[in-house]
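Student: Listed below are the residues making up each chain.
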Amino acid sequence: MATINFDEYKNVWVFVEQRDGKLMNVALELLGEGRRLAKDIAEDTKVCAVLVGDKVEHLAKECFAYGADSVYLIEDPLLKNYTTDGYTKVITDAANQFKPDIFLYGATHIGRDLAPRVAARLNTGLTADCTHLDVSVAGYIKYAEENTTLNTKSLDPNSPDKGLKMTRPAFGGNLMATIVCPRTRPQMATVRPGVMQKMEPIEGATGEIVKVTPEIKASDIKVEILDIVKSAKELVSLTDANIICSAGRGLGDASGFELMQKFADKVGGVVGASRAAVDAGWIGHDHQVGQTGTTVKPTIYFACGISGAIQHLAGMQSSDCIVAINKDPDSPIMEIADYAIVGDLYKVIPEIIAEWDNAEALYDATTK
Amino acid sequence: MAFKIIVCAKQVPDTNEIKINPETGTLIRDGVPSILNNDDANALEEALKIKDKHPDTHITVVSMGPPQAQEMLFECIAMGADEAVLLSDRAVGGSDTWATSNAITAAIKKIGDFDLIFAGRQAIDGDTAQVGPQIAEKLELPQVTYVEEFEIADNMKDITVKRQLEDGYELIKIQTPCMLTAIKELNEPRYMSMKGIFNKEKDIKVINAADAEIDLTIVGLKASPTNVYRSFTPKPKGKGITVEGDTEKDVAKTLLIDLKKKHII
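These protein sequence lines are chains A and B, in that order.
Using the working numbering, the letters of the first sequence map in sequence onto residues 1 to 368.
Using the working numbering, the letters of the second sequence map in sequence onto residues 1001 to 1265.
Treat the hints as calculated values from the structure; they're not laboratory data.
We put the beta carbon where it would ideally sit given N, CA and C, even for glycine.
Some clues are possibly wrong.
[Claimed, not checked] Computed cross-link-like contacts, DSS-like style, restricted to lysine-lysine with a CA-CA straight-line distance of at most 30 Å: (1) B/Lys1261 <-> B/Lys1249; (2) A/Lys198 <-> B/Lys1235; (3) B/Lys1262 <-> A/Lys327.
[Claimed, not checked] Not close to chain A: a few residues of chain B, all C-beta gaps over 10 Å, as computed: (4) His1058; (5) Ile1197; (6) Asn1208.
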């Protein structure tokens, strides 16, 4: 590998994925995270949104509102829809020209298709599905002490090291690893949707738009998108939900999800599911929570008839409050639950539904 | 001329079976079975379906790993693959995804001509989904990841696939040679067959880095652009409350009162 002059590489780049002229939620989350990282690197470190598409300039405003200092705008009719070939080429070219220090992507089906290709072409490292990022050692120590069992004695809080420390779950969340990319640039990561914090948007915020003319021709793109089909059913937005009512194998059969839907409707939540329930064909995979599904952190997570396989726990254990309803008091989910209810979900849930609207009155009665 | 398919497969620990030692906070890997990675089984199955329809198809499974990964390759042969190649060498140990894709790319070049490469989307031990696309990049192949439906025309050139998205799918046309990565929605992998089981050992080749003519400066731990900085287990949560009551109604009430008291609802 050629020797790299690290001083040439500056700024935090975020691939702001848009589909059909709309920014993905994770893009805004990453701009927020980018701001946090940039502040820790140096005063003049900028957060730059990389916006690729056709006639998408109007999205720059939203990028500025959510924390971007500048937007690299790469437009061409050939880039209207995402293709691996097209996007890899123009993004790699831009990274070679402008040399970002850090480059973040949402770990969506598109981000996880694109980022490995870009990393291979740039001959740099890529860390998948990160759930936490740090640049300063002091920040990393603070994170580790609050959230992990790591012994931080060997780490120097005054270290000048500003390399990106990318933390991700491995082995279904039982083990966490922090990965660094010490010898090559940019330092690249895909980041799980729903994990990082969006900034409070600043209406009317502006910044610099850098128009990059892509060198792209039709023959560069080896695939043809014949159609893009949105599933007829409403998109289950597990990541945005305040309350999730999730069920697993303990439900017994598909019809149990009717009760779960009633439950979710009553509490103003959405229905989630464990892999076991999805694999059994009881509900679509877009409801799946866990390592291979969606990572969630709602205010309340109801885990009903879910034993708590590690993949599932990895996807929901940072929920603010976990209520587990299970016949088996020794199932792993009971270990991490804030409220463990040993019992039959078919008997307990209808009672929660019946009493939900009375909660205030019930509580008031106890204070008198 | 035979239609040649390469399937990339990995032997992985069954992460469903991994438990954590609550005392030490470490992984208990003893007795955890090693299996053919789930998505890779779907990749192999789709290749086998092509072979069912076009018997003049040759399937080579390629893997990288320790010598015991041969067990997993026996399984692939017993399912119906024609041959298997295991790249096994300490020199490639500790490779990250960039270095792994360099090593497997070299092995594939050694195997020779192919029309199609099928890989699993990701392996359950690392869940990176990076090696497939990075092999494609190094072989300068177009790719489609997250393939949930596959169809090849009789000319054995034009492929139409459905690529899964979070909220639907894309219908994509691509031509051979290309790299496709499979997800579980693609198919239901078949079991090993008797014929396959008794046909097995002769078809597995174990090669080392020299056999594959691998450039040792781009594989292994030292060549990998990413390194592990620290690894640890998450902090265990404090024990919660067991909600009790004489009836389910009492339990529900107690729960709701406490949620209200703590301003959770």
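Student: Would you mind marking each hint as holding or not holding in the structure?
Tutor: So, going through the hints one by one against the coordinates:
no. : hint                    : in the structure
1   : B/Lys1261 <-> B/Lys1249 : holds, 18 Å
2   : A/Lys198 <-> B/Lys1235  : holds, 25 Å
3   : B/Lys1262 <-> A/Lys327  : holds, 26 Å
4   : His1058                 : holds, 24 Å
5   : Ile1197                 : holds, 26 Å
6   : Asn1208                 : holds, 24 Å
In summary, the structure agrees with every hint in the numbered list given earlier.
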